[in-house]
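The task is simple: from the sequences and hints, build the whole structure.
As they're listed, the protein sequences go chains A and B. Taking the working numbering, the leading residue of the first sequence gets 1, the next gets one more, and so forth. Taking the working numbering, the leading residue of the second sequence gets 1, the next gets one more, and so forth.
Do not rely on the hints blindly, as some may be mistaken.
[Unchecked claim] No farther apart than 25 Å at their CA atoms in a straight line, the calculated lysine-lysine pairs in the BS3-like style are these:
1) B:Lys276 - B:Lys203
2) A:Lys144 - A:Lys22
3) B:Lys203 - B:Lys52
4) B:Lys318 - B:Lys347
5) B:Lys87 - A:Lys114
6) B:Lys347 - A:Lys114
Rather than coming from a laboratory, the hints here were simulated on the basis of the structure.
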Amino acid sequence: MEKFTEFKNIVTDPYTYCHKYKEETGKKIVGYTCSYTPEEIIYAAGALPFRLFGTNEGIQRADIHLQTYCCSLIRGVLEEGLSGRLDFLGGVVFPHTCDTIQRLSDIWRLNIPKQFHIDLVLPVKLNTASARQYLIDILERFKKDLEHALGAKITDAALADAIKIYNQIRTLMMRIYTLRAQKPEMISGRDLHSIIKVAMIMDRQLFLKTLTQIVAQLENAPAGKIKAGTKKLVLTGGICSHPDIYDIIENAGGVVVWDDLCTGSRYFEGILDEKAPPLEAIAQRYLDRDICPAKHAGLTDRGDSLIQMVRKQTADGVIFMLLKFCDPHAFDYPYIKEMLDRENIPCMLLDMEEQLPAGGQLQTRFETFIQIL
Amino acid sequence: MKKQISEILKVIGIFLFGKFKKFTMRFKKSNTMKDIMMVYYSEAKSARLTGKKVAWITSGGPVEPLIAMDVIPVYPENHGAMIGASKMGTGLCETAENMGYSSDLCSYARADIACSTINGGPIGGLPKPDMLVCCNNICGTVLKWYEVQARYFNVPLFVLDTPFCHTGYSEETARYVRAQINEYISFIERACGRKFDYERVKKVGQLSFQGQQLWQKVLDTAAHKPAPLSAFDAFYHLALIVTLRGTPEVIDYYTALIAKMKDRIARGISAVPNEKYRLLWDNLPIWHRTRWLYDKFASHNACLVADTYTSAWCGTMKYIDENNFIDSMAEAYTRIYLNIGVDEMAKMVIAMIDKYDVDGFVLHSNRSCKPYSFGQLDIQRIVEKERGIPCLMIEADMVDERSFSESQISTRIDAFMEIIKERKK
Ligand code: SF4
Ligand code: SF4
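If you want it as structure tokens, here you go:
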């Protein structure tokens, strides 16, 4: 599909896209660091929300600010900020999640003064009435901060419109995931990964248009069957910045049918109530959605929902993708593994450093795992 | 049981006296640190027998409501410090790693999680909790750590969520935290099965405030040249303001300690003989090397006269209303040293540099503690720019000895001290 070519171009070179976008539309671009960013509000302000992915290569500037035991994701994001390559941004939004992102925000504010900087200090608890109220209050404040920073007014009508667009995008993303879980051969994991990434970069209206066409095509794709012996897997972790992984898994005889990634299902899961007051609707989605391990809801929420996910997709196993130095995920791993063990759901742990282990070696590890399923 | 308690007392005694006696002054009176801590831990350990409840609480957590309800607060972080000081950290950390916890996680958390399952460590493990109170004003680690323990012990967990104050304290935050104080009180009422004692908490709040004032005064004595106490002494005496904040013991102890310090000043006794150079320490102590570091710096006639860590327990007094503790504690607990932006931390560091008139700044880049350590490089640069004093960053871990390279750190301290000496000539 030539649509994928367009998407792939954007994913490989998002900055060129952004520069062009700015030139053509005159709109501002707002960077953000995590899936708890209320993109709807940014969109309603007439700006383009742009997720910062960072880089794995040529890190120099970030090392002056972050010690060696900081996760590569944040190091990479800071490097991009310091390098000037993100100068096209009007500003950056930092939702509060883990200790590392928290300090990234400070370091950014002190060292990259050219752009506006907004902290969105979300509650850590997502399961109490007072936390819900605080979340709504803080979204209200964010809206004001953003209006101020962008010199724009965010009307309720614009918010309602944004919510509609995002609901449509999320519904379609859910649909693609569902279709693909049934007929994985219709689209490769790598292409699916590009779609998600593009969803966080591209002009959302144009993205929605293309996405609608892609889904229509996929709906009509002939019903295929999963190749005999292919094992269905669920991927869990933070963000996946290694699209190669999908190819390697597929070559090893597996296929990822669902995920619990911040750059995966957690990004699009949950539809907003279009009848509720907009900010309440946005808050409610965060409260209902599967949580990031840096947040607190219950004691076994993540384990429970992972097991449910595996059951629903009739998956054969789980792959934990843990980024080195990522505390929230590392703390959850032992208990979730124990829960999976109790349910006889096999899992494997993939410790991720900046670079993936050499392709062949990784494929062998996946093969070994897939063979036991 | 009696035998068990006396065993525990012995171990605590060995810990408290064995590790620290060389560089801490001893008291003739009976209210020594050793006695107080022995009574404290043995009371906590025998809570099952005396029918008292035990709450595990984070070091920066609001303990006063617990004390007002006769709940015994126990501090896994203080326990972690004891584990580190008795050099049992590495073993326990390894146990946690075998349980699946990454070696990059906070070593207090690793050691404690491991210790709970084997009752190991210097005092044979902590008494089992009836409830857990986690305040995330110090880090996100404690949230995950307490979740682990809540699953393990199957006891109720209260999370006091204190939103991070990057650039200030917002109205929204004030409302949210204040609302949670009420939720916290209800939580304690449920756990204790009786109504909260609002009268008593006033008294406890006052004692807590006075304790903090006195602790600040203890630390203030180091502004004198030569300093009668060093940061290493402060690391030791800190135990009380952490664990017994809100009780009269703290008042008596620190009052006596201040008198002692004044006496030392009067008699010209200093923490480091021949103090010539004064240094400021940043981050947690390296518990397993306090003695070594003290000696190392003392060999250069250098004294670590102050530190950012122990002063965190009296750093937010300006937000406390002594006569309205419950209302004001929301802000005081939210705006503590680790819950503020890097630039505000740098300001406080600079204020300490001036107050204690130090010649250099030593930063412990602590692999365990990301919120304390990330941003340090910026603080270092700000200090260099604003005050122009030499700074030294050493990478280590407060409990896990495997991250400590003695020869390398020794060489770097020597080189750093050479620069300081050169400048002071
Ligand atoms: S949650 Fe983990 S991966 Fe994400 S920024 Fe924090 S430490 Fe890094
Ligand atoms: S050492 Fe740091 S990470 Fe560990 S519990 Fe203390 S504040 Fe949290």
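Quick rundown of the hints versus the structure:
no.	hint	in the structure
1	B:Lys276 - B:Lys203	violated (43 Å)
2	A:Lys144 - A:Lys22	holds (23 Å)
3	B:Lys203 - B:Lys52	holds (20 Å)
4	B:Lys318 - B:Lys347	holds (16 Å)
5	B:Lys87 - A:Lys114	violated (48 Å)
6	B:Lys347 - A:Lys114	holds (23 Å)
Going through the hint list in order, the structure does not satisfy hints 1, 5.
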